[in-house]
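Peer 1: Sequence:
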Amino acid sequence: MTDPTSDAPSLDLPVPDRALVIVAHPDDAEFQDGATLAKWARAGCVVHHLVLTDGSKGTWDPHKDPAELVEERRDEQRAAATALGGTGVVFLDWVDGELPVSTTGRGQVASVIRRLQPEVVIGHDPWKRYRLHPDHHAAGRLCVEAVVAARDPGFHRDQLSAG
Numbered sequence: 002m003t004d005p006t007s008d009a010p011s012l013d014l015p016v017p018d019r020a021l022v023i024v025a026h027p028d029d030a031e032f033q034d035g036a037t038l039a040k041w042a043r044a045g046c047v048v049h050h051l052v053l054t055d056g057s058k059g060t061w062d063p064h065k066d067p068a069e070l071v072e073e074r075r076d077e078q079r080a081a082a083t084a085l086g087g088t089g090v091v092f093l094d095w096v097d098g099e100l101p102v103s104t105t106g107r108g109q110v111a112s113v114i115r116r117l118q119p120e121v122v123i124g125h126d127p128w129k130r131y132r133l134h135p136d137h138h139a140a141g142r143l144c145v146e147a148v149v150a151a152r153d154p155g156f157h158r159d160q161l162s163a164g
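Residue numbers (our numbering): 2 to 164.
If you're looking for bench data, these hints aren't it; they were derived computationally from the structure.
Keep in mind that the hints are not guaranteed to be accurate.
To be verified - Distance windows between CB atoms, simulated:
id	residue 1	residue 2	range
1	ALA44	ARG116	19 to 25 Å
2	ARG116	ASP13	27 to 33 Å
3	ASP62	ASP13	19 to 25 Å
4	PRO15	TRP128	22 to 28 Å
5	PHE32	PRO101	18 to 24 Å
6	ARG152	ASP62	22 to 28 Å
7	PHE32	VAL102	20 to 26 Å
8	ASP94	TRP128	24 to 30 Å
9	ASP8	GLY45	26 to 32 Å
10	ASP94	ARG130	27 to 33 Å
11	ARG152	PRO15	19 to 25 Å
12	PRO101	TRP128	16 to 22 Å
13	ASP8	PRO101	46 to 52 Å
Beta carbons: idealized from backbone N, C-alpha and C, even for Gly.
Whenever a hint applies, use it, and build me the whole structure from the sequences.
Peer 2: Right under this line is the structure:
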């Protein structure tokens with residue numbers, strides 16, 4: 002709650018009608034944006050999650066079966082999104098640790114943006130210093146590039162005729 006007598010700027014931004022959070026891995030959205038997503042959902046925002054990788058390297062157990070881990074992480078991501086009031090989760094299933102910044106990836110992300118038509122898109126900051134995980138950096142780049150591609154009908158024209 003902001004103090005109406007204060008001259009300090011408010012950090013309370015207007016709640017969008019639709020939001021999309023684009024992240025590299027299952028659990029990234031909750032770590033970086035969980036409170037905001039829950040607050041917006043509680044206020045009526047339709048919140049979608051887009052997870053770019055399969056999460057197959059998301060354990061410290063070297064004996065964990067990667068296929069089992071992928072299913073566990075998908076289930077956990079769906080449960081976390083639901084707990085925060087999210088509407089749905091889309092998985093692109095790029096291999097964890099191998100997310101490329103590519104025209105193909107940009108097109109896949111742009112397609113989701115075009116379909117969901119969010120007012121706000123949240124993603125990893127691709128310019129953040131010391132961004133150590135290559136998937137976080139790549140996801141941030143793909144997010145920015147896909148927002149540009151989704152708004153411009155000159156990019157990925159095949160998507161326009163498909164719907």
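Peer 1: Could you tell me which of the numbered hints above are not met by this structure, giving the numbers in increasing order?
Peer 2: 3 and 6
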